[in-house]
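K.L.:
Sequence:
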Amino acid sequence: MATDEGASGRRKVVLGLGALGALGAGGAFLTFHNPPPWVATEVMTPAPVSLVLALNGHVRARAEVAVRPLVSAYVTKVAVTEGQRVARGDLLVALDDRQVEARRDQARAALEVQKAREAQARSAARRAQGLGASVISRADAEAAELALATAEGESLRLSAALAEVERELAHYRLIAPTDGVVLSRRVEEGQQVTLQDTLMTLADPEDILVEAEVDELYARRIGEGLSARLRAIGQSDIRDGEVSFTAPRLDPDSGGRRIEVSFLEPAELPIGLTVEVNLIVAQYPEALSLPRSALVRRGAAWHVLVAEKGRAVVRPVEIVDWPSERVMLTAGLQSGEQVILDPVKLSPGDEIRVG
1 MATDEGASGR
11 RKVVLGLGAL
21 GALGAGGAFL
31 TFHNPPPWVA
41 TEVMTPAPVS
51 LVLALNGHVR
61 ARAEVAVRPL
71 VSAYVTKVAV
81 TEGQRVARGD
91 LLVALDDRQV
101 EARRDQARAA
111 LEVQKAREAQ
121 ARSAARRAQG
131 LGASVISRAD
141 AEAAELALAT
151 AEGESLRLSA
161 ALAEVERELA
171 HYRLIAPTDG
181 VVLSRRVEEG
191 QQVTLQDTLM
201 TLADPEDILV
211 EAEVDELYAR
221 RIGEGLSARL
231 RAIGQSDIRD
241 GEVSFTAPRL
251 DPDSGGRRIE
261 VSFLEPAELP
271 IGLTVEVNLI
281 VAQYPEALSL
291 PRSALVRRGA
301 AWHVLVAEKG
311 RAVVRPVEIV
321 DWPSERVMLT
331 AGLQSGEQVI
341 LDPVKLSPGD
351 EIRVG
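Following the numbering used here, the numbering of the sequence shown begins with 1 at its first residue and continues without gaps.
A portion of the hints provided could be inaccurate.
[Unchecked claim] Only pairs whose alpha carbons sit at most 25 Å apart, straight line, appear in this in silico SDA-like list of lysine to any residue:
#: 1; residue 1: K309; residue 2: G332
#: 2; residue 1: K77; residue 2: R103
#: 3; residue 1: K77; residue 2: P177
#: 4; residue 1: K115; residue 2: A147
#: 5; residue 1: K77; residue 2: A87
#: 6; residue 1: K115; residue 2: R126
#: 7; residue 1: K309; residue 2: D342
#: 8; residue 1: K345; residue 2: R298
#: 9; residue 1: K309; residue 2: A331
#: 10; residue 1: K77; residue 2: V182
#: 11; residue 1: K77; residue 2: V187
#: 12; residue 1: K77; residue 2: T178
#: 13; residue 1: K115; residue 2: A144
#: 14; residue 1: K345; residue 2: G299
#: 15; residue 1: K115; residue 2: E101
#: 16; residue 1: K77; residue 2: A66
#: 17; residue 1: K309; residue 2: R353
#: 18; residue 1: K345; residue 2: A307
#: 19; residue 1: K345; residue 2: V296
#: 20; residue 1: K115; residue 2: R167
#: 21; residue 1: K309; residue 2: R297
Keep in mind the hints are simulated off the structure, nothing from the lab.
Let the hints inform the model, and build the full structure from the sequences given.
P.N.:
Below is the structure:
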C-alpha cells in the first residue's frame, strides 16, 4: 500500500510535471499562433500631384510713399487724419515759415527797388542814344550803357535770390505727391520735426499685393511667375495670384526670402490683412504619393513597409521631401503595391492581415 502510495505519489509528481509541461507547451503554442494584426494599407495609384507651399502673408500697397520734411521746424497745422483719402497736391502738413516769409518779403522789396533803378538806367541810356554824338560825349554814352547793363545784372541776381527763397518757402508746406489714402500719421500740431522724421505714409489702397516670406529651405524653388491661391482671413473666396517679385537675397536675420504675390483680378482688401498663400511650386500629371505617416527613416534613407504575401516587407524609397501631409515618391514603389499606413508597431517580416 505504501509502495502503491509511493508509486502513486511518484505518478502524481510525474503527471503533475507532465501537466505543467503540457501547459507550458500549450502556452507556447497559443503565443506562437496568435492571429496576425490587421493593418490599414493604401494601394499605390498614379494620380495628378501638386507641390504646394503654404505661407501666411499680409496685404500691402504696391507703392507706399513716406512723407518727410525737407527742413526742421515746428508743425503749425496737420490737415489730414489717418485713413483719409487725399488727392495729389492736397495740403498735408504746414510748418512754421514766418522767418522764411520775412526773408521772402525782404527779397521781393529789394527786387522792386532794383527794378526801379533798372528802369531809370534804361531811360538814361535811351536818352544818351537819342542825343547823338554832337550833344553827348562818347564816354557819357558808354557810361549810360554800362549803368544799364549793371542794373539788369543786379535785377537778375535779386530775381534769382527771390526765387530761391520762394522755393525754400515751399518746403514748409508738405503736399500729397500722389492720390491715395493716409495709412499712418505720426505728427501733431506743435511738434518739432526734423529731416529724419516720417510724418505720415500714403498709399493707393486699390493697387495692392500680398507680401510673404519663404523659408530658406525652399527659397531656391520659388521664382517669379509661379501661380498662387490666395484666401484672406475671415473669407471663403479663393483668389488667383502670381509671384511678381522675389528678393535677390535672403534676409540675414530671419533667413527667409521675401516675395510679392500680385492678384490676377482687382481685389478690395484692407492693407495689413493676413492672407493664406498657397504657392503651386510644381505639378505632375501622374505620380505616386503616400501619407507622410507611412514613412520610416533609417539614417539618411527613407523606407516603407508594404504588404506582400501576408507579411510586412521593407522597401527603400526616394521622395520629394516637402512640407505637406502627403509626399511624392520618385523611386522605390510600383503602381498597385500596398503600403502599410502605420508601420511604427511592425517589423520587417511580421505576419499581417490587410484590413
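K.L.:
Taken at face value, is the distance from the CA of A66 to the CA of K77 at most 25 Å?
P.N.:
holds, 18 Å
K.L.:
Holds or violated: are the alpha carbons of K345 and R298 at most 25 Å from each other?
P.N.:
It holds: about 15 Å lies between the C-alpha atoms, which stays within 25 Å.
K.L.:
Mind checking the alpha carbons of K77 and V187 for me, to see if they're no more than 25 Å apart?
P.N.:
holds, 10 Å
K.L.:
Given the hint that K309 pairs with G332, does the C-alpha gap stay at or below 25 Å?
P.N.:
Distance of about 18 Å is within 25 Å: holds.
K.L.:
Starting from K77, check that the Cα of A87 is at most 25 Å away, please.
P.N.:
holds, 18 Å
K.L.:
Regarding the pair K115 and A147, is the alpha-carbon distance no greater than 25 Å?
P.N.:
holds, 13 Å
K.L.:
Check the hint pairing K115 with E101 against an upper bound of 25 Å on the C-alpha distance.
P.N.:
holds, 21 Å
K.L.:
Is K309 within 25 Å of R353, Cα to Cα?
P.N.:
holds, 10 Å
K.L.:
Does K345 pair with G299 here, judged by a C-alpha cut-off of 25 Å?
P.N.:
Between K345 and G299 the Cα gap is close to 19 Å, so the pair holds against 25 Å.
K.L.:
Is the hinted pair K115 and A144 satisfied, with a Cα-Cα distance of at most 25 Å?
P.N.:
Distance of about 16 Å is within 25 Å: holds.
K.L.:
Would you check the hint for K115 and R126, treating anything up to 25 Å between C-alpha atoms as holding?
P.N.:
With a Cα-Cα distance of about 16 Å, the restraint between K115 and R126 holds, given a limit of 25 Å.
K.L.:
Within a Cα-Cα threshold of 25 Å, do K77 and V182 meet the stated pairing?
P.N.:
holds, 16 Å
Of the numbered hints stated above, none is contradicted by the structure.
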